[in-house]
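Protein chains: 2
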Amino acid sequence: MHPSLLQDSVRGCPKEIPHNEKLLSLKYESLDYDNSENQLFLEEERRMSFLGFKCLEISRWVICGLIGFLTGLIACCIDIAVENLAGVKYYVVKQNIEKFTEVGGLSISLILWAVLNSAFVMLGAVIVAFFEPGAAGSGIPQIKCYLNGVKIPRVVRLKTLVVKVCGVICSVAGGLAVGKEGPMIHSGAVVAAGVSQGRSTSLKKDFKIFEYFRRDTEKRDFVSAGAAAGVSAAFGAPVGGVLFSLEEGASFWNQMLTWRIFFASMISTFTLNFFLSIYNNKPGDLSSPGLINFGRFESDVSVCLLLSSPKPCGLLGALFNILNYWLTIFRIRYVHRPCLQVMEAMLVAAVTATVSFAMIYFSNDCQPLGPDQSEDYPLQLFCADGEYNSMATAFFNTPERSVRSLFHNPPGRLFYNPLTLSLFTLTYFFLACWTYGLTVSAGVFIPSLLIGAHRTLARLVSIMFVCRSLSQVWAVPGKYAFNGSCRGIVRMTLSLTVIMVEATGNVTYGLPIMLVLLTAKIVGDYFVEGLYDIHIKLQSVPFLHLEAPATSHWLTAREVMGAPVTCFNRIEKVGTIVDVLSNTSTNHNLGKICGLILRSQLIVLLKHKVRELARSRLTQRKLQLKDFRDAYPRFPPIQSIHVSQDERECMMDLTEFMNPTPYTVPQETSLPRVFKLFRALGLRHLVVVDSENRVVGLVTRKDLARYHLGKHGLEEMQLAQT
Amino acid sequence: MHPSLLQDSVRGCPKEIPHNEKLLSLKYESLDYDNSENQLFLEEERRMSFLGFKCLEISRWVICGLIGFLTGLIACCIDIAVENLAGVKYYVVKQNIEKFTEVGGLSISLILWAVLNSAFVMLGAVIVAFFEPGAAGSGIPQIKCYLNGVKIPRVVRLKTLVVKVCGVICSVAGGLAVGKEGPMIHSGAVVAAGVSQGRSTSLKKDFKIFEYFRRDTEKRDFVSAGAAAGVSAAFGAPVGGVLFSLEEGASFWNQMLTWRIFFASMISTFTLNFFLSIYNNKPGDLSSPGLINFGRFESDVSVCLLLSSPKPCGLLGALFNILNYWLTIFRIRYVHRPCLQVMEAMLVAAVTATVSFAMIYFSNDCQPLGPDQSEDYPLQLFCADGEYNSMATAFFNTPERSVRSLFHNPPGRLFYNPLTLSLFTLTYFFLACWTYGLTVSAGVFIPSLLIGAHRTLARLVSIMFVCRSLSQVWAVPGKYAFNGSCRGIVRMTLSLTVIMVEATGNVTYGLPIMLVLLTAKIVGDYFVEGLYDIHIKLQSVPFLHLEAPATSHWLTAREVMGAPVTCFNRIEKVGTIVDVLSNTSTNHNLGKICGLILRSQLIVLLKHKVRELARSRLTQRKLQLKDFRDAYPRFPPIQSIHVSQDERECMMDLTEFMNPTPYTVPQETSLPRVFKLFRALGLRHLVVVDSENRVVGLVTRKDLARYHLGKHGLEEMQLAQT
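From first to last, the protein sequence lines stand for chains P and G. Under full-length UniProt numbering, think of the first position of the first sequence as 1, with each following residue one higher. Under full-length UniProt numbering, think of the first position of the second sequence as 1, with each following residue one higher.
Just chain P, same shape as in the assembly (with noise of 0.2 Å):
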């Protein structure tokens, strides 16, 4: 007997549980990127020249530049109009602020501000919520979903992109304490997905090109590059765009699309650097690699800069990530209908422009006016003339300017009193953690380092009495304030030292930079994951990490794999398979494998064979690899597949269409030993055999998925439906 397997081994059916992170939702599909090796494929690559492959290399160079230029003119796109719908609104705002200053009344300001927050932010949260909730967030926890293998649905659609480009300028125009650096690694990720195709099945536009990369392997593989290149628009750093890539996505390293990951950061930057300086009147000054800028530091390290201390950072992180945490909780069970969503979207916004408004209208710390006139928008509010309020310059600014102006307040010359720095430190802590979360595109980049500069500034003005022989403290504040940037909260470790070190351009940061982020993720993991990573939990997601839990020896192949699994004979019934597919009756035989077969495949079967089946049975027209890229993605429903009684006993031939040769593992093997399998090839199914090559299980994603290190050991997960 050979039968050959099905996609979803039918389980027990786990019962609707109360939404929490102890469960892991069954709605997420696995990418797969294991090539279905059936003899179609066989053919295909047996009949493709040297040259073939050649010309396949070279249309993923061509591929790769196009992603980067696009995802670099998408981001200067963002850029401008953010400079400029925030330019508007500040001026306006300021206008109104210096003219009721004088006669009193500022209170109308207030509402002045408030308003145009309110409606860039009601604007922004609309289209999100009402038309592509996918759209909402930095899209940064999709993306490490995605590069992962989970298929989260409607992720890469153009639909979301445009949401998440005009949400994201909505929201920075808005005044909210966000970053637009987050949503670029979205729309990177998305920009390819759509270009790798060759087609948008959203605009019903198929271009017939580039028809080969029109599978799970290679369109993960230019996702990977559009979140480079993302990585690379927002950071000026193509380099952390590679390893971001990397750390999260590409557990088997492959040299050329490193090369080609890299080749569309590089272009990515490239693309903004240029459209920016003409922009700017500035054509081939190249100065502006990246959304944010800190701008050049200069060499010049003391051993005082580890005195920026790590450890209350990582708890601030923590606590942070707790408080979103339960936010976001309570946002997933009582905040789920759009029109509340738009209206706590609307709500931050107002409270936010309340909020700056008090801290400047109370604020008494006057700093007079640079020489170098180098503030954005100065407000002299009650100051004396040549003066300015300097927390309006932390306040009355976009994030981005706020943390350039930080960073680069001239040696030997504080903007910034101690109190101005701690009272900034805890309210923009607040907002953004309430921001965090909400219906609207947005990235928390920016906010946490915002929040992470301030307090080690804060701190180190404190601790100058102490440290007042390290002359040097006082002449680069700004570096300190870098280096101490909260990074306890997002916890991308590596990728992020390097783009930090790249958005300085200067090596020697590396170490401190190293030691701080290293620091505070492990103070910051004794309390609580990062925030990405309790995002991903929340939602259920069958996420892998990159081994399998320390003390999982004990398991093995049999007890994590589910079984039984569905089987069909070689040649099987027509109706058999729809019925299987239809979930109104399974299919247990036991025989020796001999093949795997996917869903999505016996569906395009079924669709293009049920006709000519009917009319003589097993001589059928040839079916081409093409039928199947054709469908891909969109598979349809077996619902939408209508099948005839007479059809129905029809006999199907799956030889061809199986993929002969799955992997398969001893129903002995340990998990550790499973998951490294499962992981570095990233596999969908693994078909588990017994010492006679017969099918006893099938361990996929959700498997291996549930077994996670909690604080009492090992702990299994529930699966849910929902």
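These aren't lab readings, by the way, just hints derived from the structure by calculation. Possibly wrong hints are sitting among the right ones.
If chains are identical, the list can't say which one is meant, so a pair holds when it fits in one copy or spans any two.
[Unchecked claim] Think about it this way: if two alpha-carbon atoms lie no more than 25 Å apart in a straight line, the pair counts; the simulated DSS-like pairs of lysine-lysine are:
| id | residue 1 | residue 2 |
| --- | --- | --- |
| 1 | Lys711 | Lys537 |
| 2 | Lys54 | Lys537 |
| 3 | Lys54 | Lys711 |
| 4 | Lys151 | Lys537 |
| 5 | Lys573 | Lys607 |
| 6 | Lys219 | Lys702 |
| 7 | Lys208 | Lys607 |
| 8 | Lys626 | Lys609 |
| 9 | Lys204 | Lys219 |
| 10 | Lys219 | Lys626 |
| 11 | Lys702 | Lys151 |
| 12 | Lys573 | Lys94 |
Mind docking chain G on chain P? Use the hints.
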């Protein structure tokens, strides 16, 4: 019948064939990146608590820190030693030349110079040729092979390290056209292999620590870190180091491992920086992160950058490689006796000195001495007072200093005229080509940089009339020189780009550097492989590239595997095992696979059990994993184990010691699929089974490395015992 498999599948004896690159040597064994998960191993892992795993993780970090520190220290020692020795040499020669310039008789100076050079080089060549031939060359090809998974004999021994360090000091001080960067990578790797094992077999000293790490899997991870630390110390490029390790070695990406590699790199560059700063009496300055330091380039890129066209550079690189290839063939055939090798090295040293002297003597390119006296050893010779011979800047200097002076001639002023540059390039090209492959310890990075830089600069100067309108070309000639650096020779493209970007500390150069490197690589690859690859091929090393040849879908596991396989029963007679291991008999049962056992494991088993077996059958002392670790990595040969006739009749139970769940593939699996599994998991053996789960063959590294894409499609290499 339940057989287990033996490591060496005995094949038909290959006959001895003359040395050429179409051969694959059988003398190299593979490293095993896959743990042998036998009962002993699983028991140990299961006994270990979560805390135990934490401790292991901490030790790994400590070891990486140590590796970084020691590597940095070694780099520091090399740098200081070379500076001082070369300083003394050039001082003596300069005094001598100045003395004889007036009175005539410069030939005495020439002789002095040549003798000094030869003396240094002789010392370096003698220790390499007579004590440790494995320390010859840059060591990068060897480390590439090691990271690829090939066990190169003696490559990570302490003795190799000592000879390598002394050797490189001698060769650089001896004025050869070599760099001291390559050997650092090898040194780092040796340090890592030593530190991580917690013992030195050479010194017969066992510290009884880190015993858990005594296996290929862990050791190879640490060697990756060591190599990265070496790159980092050599170029001040920690990220480049990480990428080098990944590009060359770790096909299985592991986040924590990468973090540790990065940590080691950071520590290494920091240590070097720190100690060099102290040595230079500028503690806290930290301005020399690497052995080579290009200094800082200002951000000012113009489109004209791309003029430094990489195509001729690729051609030049190809020519270099072809010449060196012929030379190496010649050396393998005729210069294989140590005495001859030492003599050749001395000859090259003397010729280098003579040619340099001649070039300086006949050059009449005088330049005024700069106001800042930036020249290290300005030679006046026949120039007017206040001027110096500019050819001497290039030749009368260590290669590192030549590079630096070339890249950093002050803007608007050209040290060199085109003729000088062209002559230097030509001479240096042939000298470097002759030098690489000598029996001395030395690298090829700096020479290739010098050749490329000079060539580009010369070309730039000659095209200045065309490009005059772009005034920047004149302002920053060093930049163009840098960009053109002739990377056609080596072609480690990705990590090199990053190394270059890091070394210049400027992201903006990324894209042009990458484009130049890429074009050079494509042009070069069209003619001949990279220099390191050539040398690896000439050693007949079974090197696995990252992917199977594109057109190899025709081949299946059945065709590439080695068969028949030596099999044992689960409980086997000692005599049979000894006979098979001694190659005096073969054993080909056909039965269901039940596990995989290695030759080394059998040898340890025999060694420990033979005595006890003799006393009482099947009641054995419990063998520990420790016994296997103690024997690692120098397992005794089978000949050293004496088995009496009585003992031969005993039965040995292999169940506990074999890996019961080896990875298997069906016979019909295509070569690319086999290759992917093998490479992704870093396997050493892959068992091929039929549909009944019976062993039919074994795929090893050599079976996969045999196939490569030649000029006429897929080619198969022959196997040779040498």
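Verification of the hints:
In this assembly of identical chains, Lys711 and Lys537 lie within 25 Å of each other by CA distance solely inside one copy; the values are 16 Å within and 52 Å between copies. When the C-alpha separation of Lys54 and Lys537 is checked against a cutoff of 25 Å, the pair qualifies only between copies, where the shortest distance is 24 Å, while the shortest distance within a copy is 42 Å. In this assembly of identical chains, Lys54 and Lys711 lie within 25 Å of each other by CA distance solely across copies; the values are 14 Å between and 52 Å within a copy. Taking CA atoms no more than 25 Å apart as the test, Lys151 paired with Lys537 passes inside one copy only; the shortest distance there is 15 Å, against 43 Å between copies.
Taking the shortest alpha-carbon separations for Lys573 and Lys607, only the intra-copy value of 15 Å comes in at or below 25 Å, while the best inter-copy value is 60 Å. When the C-alpha separation of Lys219 and Lys702 is checked against a cutoff of 25 Å, the pair qualifies only within one copy, where the shortest distance is 22 Å, while the shortest distance between copies is 32 Å. Taking identical chains as interchangeable, the C-alpha atoms of Lys208 and Lys607 lie at most 25 Å apart only when both belong to the same chain, with a minimum of 22 Å there against 66 Å between chains. For the identical chains of this complex, Lys626 and Lys609 are intra-copy neighbours only, at 15 Å inside a copy versus 61 Å across copies, given an alpha-carbon limit of 25 Å.
With identical chains, the CA atoms of Lys204 and Lys219 are at most 25 Å apart within one copy only, with a shortest distance of 19 Å there and 54 Å across copies. Proximity of Lys219 and Lys626 under a CA criterion of 25 Å is satisfied intra-copy only: 16 Å inside one chain copy versus 46 Å between copies. Taking the closest pair of Cα atoms, Lys702 and Lys151 come within 25 Å of each other only inside a single copy of the chain (13 Å); across copies the shortest separation is 38 Å, beyond that limit. In this assembly of identical chains, Lys573 and Lys94 lie within 25 Å of each other by CA distance neither inside one copy nor across copies; the values are 75 Å within and 93 Å between.
The structure fails to meet hint 12 from the earlier list, while all remaining hints are met.
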